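Residue numbers (the working numbering), protein chains in the order written: chain L, 1 to 397; chain H, 398 to 794; chain G, 795 to 1191; chain Z, 1192 to 1588.
Everything labelled a hint here was simulated from the structure, so no lab data went into it.
These figures come from a predicted structure and were not determined experimentally.
It is possible that some hints are incorrect.
For lysine-lysine, the following DSS-like pairs were computed, each having C-alpha atoms within a straight-line distance of at most 25 Å [stated by the list, open to error]: (1) Z/K1458 to L/K267; (2) L/K279 to G/K1162; (3) H/K534 to H/K586; (4) Z/K1278 to Z/K1253; (5) H/K586 to H/K615; (6) Z/K1458 to H/K765; (7) G/K937 to G/K1012; (8) G/K1073 to L/K143; (9) H/K437 to H/K459; (10) G/K958 to G/K983; (11) H/K615 to L/K218; (12) Z/K1579 to G/K958; (13) H/K534 to Z/K1470; (14) G/K1162 to G/K1178; (15) G/K1182 to Z/K1355; (16) L/K384 to L/K143; (17) L/K368 to G/K1061; (18) G/K937 to H/K664; (19) Z/K1470 to L/K267; (20) H/K561 to L/K368; (21) L/K388 to L/K368; (22) H/K765 to Z/K1470; (23) Z/K1470 to L/K279; (24) H/K534 to Z/K1458; (25) Z/K1458 to H/K540; (26) G/K937 to L/K267; (27) L/K87 to L/K2.
There are 4 protein chains.
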Amino acid sequence: MKVAMLGSGFIARFYADCLHSQRRPDRIVSVYSRNLEHAKRFAADYSFDHFTDQLVEAVNHKDVEVVIISLPNHLHEVAVQACVKAKKHVLCTKPLGRTTEEAKRMLDMVEDAGIFGGYLEDLCYTPKFLKSLANIKAGSIGKVLWAKSREAHSGPHSEWFWNKEMSGGGAMIDLACHCVQISRSFIGKAVRPVEVMCWSATQVHPIEAEDHAIGLVKYANGAIGQFEVSWAFRGGMDLRDEVMGTEGSIWINGFMRTGFEMYSSGKGGYVAEKAETNKGWVFPVGDEVHDLGYNNMFTDMFDAIEQNREPLETFYDGYVVNAILDAAFRSAETRQWAPVQIEDWRYEEHTTEIENYASYNEEYYLVKEEVLPNGQGRIILKHKTTGKVVQRDLGSK
Amino acid sequence: MKVAMLGSGFIARFYADCLHSQRRPDRIVSVYSRNLEHAKRFAADYSFDHFTDQLVEAVNHKDVEVVIISLPNHLHEVAVQACVKAKKHVLCTKPLGRTTEEAKRMLDMVEDAGIFGGYLEDLCYTPKFLKSLANIKAGSIGKVLWAKSREAHSGPHSEWFWNKEMSGGGAMIDLACHCVQISRSFIGKAVRPVEVMCWSATQVHPIEAEDHAIGLVKYANGAIGQFEVSWAFRGGMDLRDEVMGTEGSIWINGFMRTGFEMYSSGKGGYVAEKAETNKGWVFPVGDEVHDLGYNNMFTDMFDAIEQNREPLETFYDGYVVNAILDAAFRSAETRQWAPVQIEDWRYEEHTTEIENYASYNEEYYLVKEEVLPNGQGRIILKHKTTGKVVQRDLGSK
Amino acid sequence: MKVAMLGSGFIARFYADCLHSQRRPDRIVSVYSRNLEHAKRFAADYSFDHFTDQLVEAVNHKDVEVVIISLPNHLHEVAVQACVKAKKHVLCTKPLGRTTEEAKRMLDMVEDAGIFGGYLEDLCYTPKFLKSLANIKAGSIGKVLWAKSREAHSGPHSEWFWNKEMSGGGAMIDLACHCVQISRSFIGKAVRPVEVMCWSATQVHPIEAEDHAIGLVKYANGAIGQFEVSWAFRGGMDLRDEVMGTEGSIWINGFMRTGFEMYSSGKGGYVAEKAETNKGWVFPVGDEVHDLGYNNMFTDMFDAIEQNREPLETFYDGYVVNAILDAAFRSAETRQWAPVQIEDWRYEEHTTEIENYASYNEEYYLVKEEVLPNGQGRIILKHKTTGKVVQRDLGSK
Amino acid sequence: MKVAMLGSGFIARFYADCLHSQRRPDRIVSVYSRNLEHAKRFAADYSFDHFTDQLVEAVNHKDVEVVIISLPNHLHEVAVQACVKAKKHVLCTKPLGRTTEEAKRMLDMVEDAGIFGGYLEDLCYTPKFLKSLANIKAGSIGKVLWAKSREAHSGPHSEWFWNKEMSGGGAMIDLACHCVQISRSFIGKAVRPVEVMCWSATQVHPIEAEDHAIGLVKYANGAIGQFEVSWAFRGGMDLRDEVMGTEGSIWINGFMRTGFEMYSSGKGGYVAEKAETNKGWVFPVGDEVHDLGYNNMFTDMFDAIEQNREPLETFYDGYVVNAILDAAFRSAETRQWAPVQIEDWRYEEHTTEIENYASYNEEYYLVKEEVLPNGQGRIILKHKTTGKVVQRDLGSK
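Chain L with its partners taken away, still in its complex shape:
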């Protein structure tokens, strides 16, 4: 497919590196940047002709079939408007909006126009995420009780991130958007997020927005999503997810501990990406673009457009994420659990609570069964009506 790229910065280059690699047939044919020089350099680097500092010109370029928005957060809505007007399919980087309202307007516009709206949530396309999701759906870890996602590093690259008006927030808007959607996917997209408790603070950087936040998202089935985000982490990019289920657990390390370790005295020339240093032990990833999910993401997006189906991550997902984040912001301010306000909820309203009491026999629940270090078995039971807890020693195993 023929693509217009809106933006020419860090994330636009990441996208382009992916799109123009591994013999992929899709091609960028136009780029827009507020800075014409940047646009020109981008077009040269990725070997195509058309560049412009007029957003509408790129979107309306006659060859363009699909538009990728890689702009600062405050420019997403206006960019989507241009796509809607031009009836071009649109893929928008995360977060969708700065607020739920903004996201909702974008969602509605796109749906009303009948164009394709893909939400570029790359971390829900990483190989480890996708395989975890497949395992969870296949029942490998039972019912999900808790899904935590953590993203922390030393702060973003571009100045607009540090401006709350442009970005919509700090580490929460930048990073928790990933974490919230990862947890939500593991718990189940059809399960309604009910309320959020969040702590946030500006601990290190001289900014208005938060540079550290921790939040809990309670779902209708009793499961808990947890996010931990920070722009104040030292040591590289900490990208980890954990899931607890009734039958198992999953631990994912997405970036800094992936089975690739290098020690260098620093006399060599090369610098591993995103490491704070090129001396000592560094932990590169093998293929950053693939390991961060870009390949799978663009494959799903373009395939979905061609097959006229929904992608894994839609504008609707982006809207739900903004709704959860807004609840988190309110909670941080009010110091209370804040309800998640989703006026346009499209899945089941009520979900059965996770209910796992294991029945031992007619009289008792099974609390625990175990083998002691001396090889003896033991069970702990609870009477179903009296509630009395008893312990029984079994024979040696």
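We have chain L already, so just place chains H, G and Z on it with the hints.
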């Protein structure tokens, strides 16, 4: 020193294994158990003569110099009373009390009697904890911003734990007592814990108490302690701590990933400790007793008695921990941040906030300095009075 | 490009999964299998029409531009002959031949015919390998002293592997071909492999060929390549490389410890790939096809054909690998270092020895410089002419 | 017990730190150093009175019951002679001798005198080693096929190590003594080591002895011990063991990856031990003394003396290790497998070969059984008389 052991269960045996190992000179001379058979077997196993089912008889045994309380939580206070009456030094397992009030009564009794009161918080004596603490005090990671401690497994061994009246709670009273004190130690014991936000639930087991809880403890200097505890974790014993500081980070895995991995087809006979299985990949620890801190703990306790000094972990520490836990229980119930009520606070009342705004020059704060993938340097600055954020590209590095 | 696939088994499916994924434009248009049913099923699974049990028919199919050989080892040569005759480009799976002579004949045929000969050595295309190679070339770890590669699992899937006549050997021919080329690449392809010492044995399986082997390959510059291969490993697929350089080290874990860990009680349905079990801790990889190098490999191969350049791995590389393996087989038999016989060596004949003696001053070499635990510096020097070793304490650092 | 310490350097201080810790009752009462100032400082640091620069004076000190030799290798024999003469029990650091002959003389002397001779092989007392040994003896991993031990760092602290005459060799004598005994213990001390193949080189340091060596030790039952040692490793101290058995595998990381990771910007003051740097990611161990085996080692030694039994590691073990190392030196020189010459072999002469051919039924051996990715079972069989290999597909599992 001569020791009376109160209790003969799981934890009493762990303590005894440590005390009677590695050529240590201290010796258990008496054991009390509510079950005389158990007491008898314990005395035989550890090669001493005196056993009894009368608590006071063990405490008052003429040779006994120090008493170790390894009893269910609801029996701690009465045991301490017996020690106070007998003027014998006392070491009490964790948690000190089931409530702040209970802990405070024990603390007061011991201090009024002038006997030694050691709090057996083993996880504040593990080799990794002690070396981390030394590093933090030496400034290796700067000022601590966040200290998380996680303990999760499939539930405790004895039936009384599952009875809320006897235990005082569920996973929080059993496990968060460790986590709270680990975080508090890293942040600094002299820094006042101010308030707690906690979520808890009974997700899996048929019990009244919580089997899963997550809490945030805010300290007077702005640092955050976090605890994650569960009796519903599958896969073994998950024991991890993490610390973020302004100059560095610490990651500790205390149990399941310590550089010791074994795969077994299961045809062999041995079962690795606390693993849920003896088949597949298991992750034993080298020396459970030492790695969990028992050796360092008893060395500190007995040395402290002989040197007439305070140990690292005192009854006062146990009291503060109970106060934080009680705030957590209240928060889980009220769904609000709950103040930590410590009537007997012995350190500084107010602490300077962490304040780390790096000044770049007279006009600007430094937000971020970095080297981009293309080798170019970049700084992001914020004007000290206007607040405007600007970005400046530096030469190539 | 249009591809004929020769073979329809395990490795052919792996290749096909890669070729027909991620929006790649290259397409399989014909498949050959000795078993017509298998060919038919393969064609159906990958959505194309032409299948046959006549090798020549697939190769000669009018649309076919390039042929992929995914056949048992004893059929590689005859397949290459067919490609040469049809003047179709050919990509051959590893090992190239069963012996040096067989490989040499294939190399010569292809070069004489002027067709493209790509050697499908996937493990020299993994993301971690490629980034390591880039780092080594950039000098990050200085001069390479030792490069070890290990591959071990419980044995191959198909029966022909276990037949020495068909395969050419056991674990060495199956696995050491990877290891030898990995080490050689890190040490430098232009450096001549000189001699090999190898131990091999049949420890577990009832076969003629070896199921365990360890070998050392000495290179002209003094560097050592090491391979460790086994069909008797329990626990999954052990795929690790290590490199020691004068300025640093690299550790790669390619399969079982890549930051993805899952515990399952076994009650779920899914089985993680190549794990011996679906219970307990299992260690899936995120994207097996990509992490094993297939994506990068086929991208390089097809790009190279289109750009009329050599790929990273050529038939010549396959020939050198066979020459090293043959030396290893001879060494295992003669119990002596065996010379590597490469009649057609195309790089430098002699290489400067690694020489790193650090001069301290005119009189002394520097043996070692270090800071002792007490903070004191110390240097150990060796006199350049007398050879006397002396130690000098420096001030505290 | 009362101890004389011969030597006051790096290893003597490690020993003393252990002996005078954790409430141990044994006490150093005399120290000998060739440098009187060092002896004096050592006595002061460890709080005892008697120090001397006369070796015999320390050994003969009236209170001394047991002597610990922590001297350079070339002084071990003369020190043992003094103990024998004084009829004092003796514990000697590793390696026992510089050659088999030297070790044999020490062994004979001690046995003739009827005194206790303990071999201070600490790495056969680490918690992970001991637990692995217990698992192997209990059958957890079946019969041992291969046991590898690796020790590598940037070189030793004292100048005498770098002098071949004093030390007896380079990295092999310094480090492979550990590795050889670790492998031998896992394979079984009663199994005779038969022959050795070894490569060694001086790759980096300006010394006569080797700074890098790799060796294979073949045992009478067909098992293979492997050692990898280097004084040219960059990145810290690499201490790893691996074992392959017919029913399982063991992986031990003894030092640099033990679940303790710290990142520091370097602005803090502390330096983690043996790390090459205090900046970036460092990997301290929790309790170096305990994790390296000193606590368990001295407990076993003193207990053995008091209980009049053999310790786990005896002078005889030291002698066998020297015999294996001498074979390795000869092999490196002759470039052939060199027989291990043990004139005084005290265990079984011949050992049954590992024999594990699994019978499938009367006609066939089982080569392999597996479940394919598609869920289908498959077995590979070999006919017991014809040797023909066949493959049978089983139903889906």
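A quick look at each hint next to the structure:
1. For the given pair, Z/K1458 sits about 21 Å from L/K267 by alpha-carbon distance, which is consistent with the 25 Å threshold.
2. Between the alpha carbons of L/K279 and G/K1162 the distance comes to roughly 19 Å, so the proposed pair stays at or under 25 Å and holds.
3. For the given pair, H/K534 sits about 12 Å from H/K586 by alpha-carbon distance, which is consistent with the 25 Å threshold.
4. A C-alpha spacing of about 12 Å is found between Z/K1278 and Z/K1253, which places the hinted pair at or below 25 Å, so the restraint holds.
5. Only pairs whose Cα atoms come within 25 Å are accepted, and H/K586 paired with H/K615 is accepted, the gap being roughly 13 Å.
6. Note on Z/K1458 and H/K765: the hinted pairing holds, with a Cα-Cα distance of about 17 Å set against a maximum of 25 Å.
7. Under the criterion of a C-alpha separation no larger than 25 Å, the hint pairing G/K937 with G/K1012 is consistent with the structure, at around 15 Å.
8. For the proposed pair G/K1073 and L/K143, the alpha carbon gap of about 16 Å is at most 25 Å, so the pair holds.
9. Under the criterion of a C-alpha separation no larger than 25 Å, the hint pairing H/K437 with H/K459 is consistent with the structure, at around 19 Å.
10. About 29 Å separates the Cα atoms of G/K958 and G/K983, which puts this hinted pair outside 25 Å; it is violated.
11. Taken as a hint, the H/K615 and L/K218 pair is honoured in the structure, with Cα atoms around 21 Å apart against an allowance of 25 Å.
12. With a C-alpha separation of about 11 Å, the suggested pairing of Z/K1579 with G/K958 holds against the 25 Å cut-off.
13. As the CA atoms of H/K534 and Z/K1470 are separated by approximately 17 Å, the hinted pair is consistent with the 25 Å bound.
14. Taking the CA atoms of G/K1162 and G/K1178, the gap is about 15 Å. The hint holds against a cut of 25 Å.
15. With a C-alpha separation of about 11 Å, the suggested pair G/K1182 and Z/K1355 falls inside the 25 Å cut-off, and the hint holds.
16. A hinted pair counts as satisfied when its Cα atoms are at most 25 Å apart, and L/K384 with L/K143 qualifies at roughly 23 Å.
17. Taking the CA atoms of L/K368 and G/K1061, the gap is about 17 Å. The hint holds against a cut of 25 Å.
18. Between the alpha carbons of G/K937 and H/K664 the distance comes to roughly 46 Å, so the proposed pair goes past 25 Å and is violated.
19. Of the supplied pair hints, the one linking Z/K1470 and L/K267 holds, its CA atoms being roughly 15 Å apart against a limit of 25 Å.
20. This hinted pair checks out: H/K561 and L/K368 have alpha carbons roughly 16 Å apart, not beyond 25 Å.
21. For the proposed pair L/K388 and L/K368, the alpha carbon gap of about 14 Å is at most 25 Å, so the pair holds.
22. For the hint linking H/K765 to Z/K1470, the alpha-carbon distance of about 19 Å falls within 25 Å, and the restraint holds.
23. Proximity of Z/K1470 to L/K279 is assessed by CA-CA distance (about 8 Å); at most 25 Å being required, the pair is judged to hold.
24. Taking the CA atoms of H/K534 and Z/K1458, the gap is near 13 Å; set against the 25 Å cutoff, the hint holds.
25. This hinted pair checks out: Z/K1458 and H/K540 have alpha carbons roughly 11 Å apart, not beyond 25 Å.
26. Simply put, G/K937 and L/K267 have alpha-carbon atoms about 11 Å apart, close enough for the 25 Å limit, and the pair holds.
27. Of the pairs offered as hints, the one joining L/K87 and L/K2 holds, with about 14 Å between alpha carbons and a cut-off of 25 Å not exceeded.
Hint violations for this structure: numbers 10, 18, all remaining hints satisfied.
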